[in-house]
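Colleague: These are the residues of each chain, in order.
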Amino acid sequence: MSATFTATGFRRGFLEGLALFPGMVAFGVVFGVLAGQVGISILGAASMSVFVYAGTAQLLALHAWGAPDLLVAVVVAVIAMNSRYVLFGAAMQPWMRGLSPWIAYPSMFLMVDANWAAAMQERDAGRRDVAVFAGLGLGCMVGWVAGTIAGTGFGQLLGDTRRLGLDFFLPAFFLSLACGFWKGRGDVLPFVVGGLVAIVCDRFVGGSWHVLAGGLAGSLAAAFAPRSDGSPGPDSKPGGE
Amino acid sequence: MSLDPNTTAGFAIIVTAMAVSAYLTRIAGFFLMRFVVVTPRVEAWLRALPLAIMGSILGPIAMHGGPAEYAAFAATAAVYFWRRSDILAAFAGMGVVAASRWVFGI
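Listed in order, the protein sequences are those of chains A and B. For the first sequence, my numbering assigns the number 398 to the initial residue and increments by one for each residue that follows. For the second sequence, my numbering assigns the number 501 to the initial residue and increments by one for each residue that follows.
Don't take every hint at face value.
What the hints assert, rightly or not - Here's a subset of chain B near chain A, in silico, CB distances under 10 Å, partners left out:
(1) Asp504
(2) Ala509
(3) Val538
(4) Met563
(5) Pro567
(6) Ser585
FYI, nobody ran anything at the bench for these hints, they're computed from the structure. Ideal Cβ positions, reconstructed from N, Cα and C, are used throughout, including at glycine.
Kindly generate the complete structure, drawing on both the sequences and the hints.
Modeller: Below you can see the structure in the form of structure tokens.
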């Protein structure tokens, strides 16, 4: 059976995405406030949220705002933060097999953490309606863009955002994601090696390169480390949780 | 190369560059999976990548942080494992860092 793309599925996904509205708005507000602080207009912030549609990458790009090599810095920020999407996409490919590229490639534009996780659950339940994934991605975008507009528009009313801890939202969000990815003792090595290499790189190189350097060093260390728990089992396909 | 993000043209170039790179990361793995032979080593590398990236983002932040940030990291992890919600946990961490900064007067 090949993958399908139905109107019913799209509607179901879209409604599920709207259900995530509070969280998406909150995240959007955080981005909007910080974007307003570096002088980005409401229209500018909203267009970034629609076309880039990558909260963590956009927040990291704001950290680079005002750097002399801004264009390079934002592209590195996006690639570094979104590199997990390369892996997500790899896991999606077998599930979406049989779908026309004219539907598959536009659908991939809407991929975020939430609908990727949902797609993997659909896969495990034996369902292959890709419209659920695309609809959910679009549903999440509604709250994300609404939050961005509200944050950019009313951000000035909040005053000093450091006092409110807004600068800590991104680190805290990543720690939560890390907790979610944490499966066992084997995860210590990539996490710690990545962290240490990043600290050294951050100290001596600067920019956003430490994310790329640490990410590669940590993951390669894990790939080439001798396995203490035997060979990977049949349940350890990439993306197979 | 210097680019002024405060001009409409400069901003448009930056958003376009970000949008194109973001889309490329979304389709790269999807596209390349048709050609890659997933050996156990490639598989181990792919699986370790997300946590290595999280570690490399958090490492330098932890180095620059103080008591407020450490307390907030602990609260974030606690709330995550309690409610299994990443957005809720992130907001809890944000609340703790704001409260600690106020208490310690940092």
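Colleague: Next, verify each hint and record whether it holds.
Modeller: Hints versus structure:
no., hint, verdict
1, Asp504, "holds (9 Å)"
2, Ala509, "violated (12 Å)"
3, Val538, "holds (6 Å)"
4, Met563, "holds (5 Å)"
5, Pro567, "violated (13 Å)"
6, Ser585, "holds (8 Å)"
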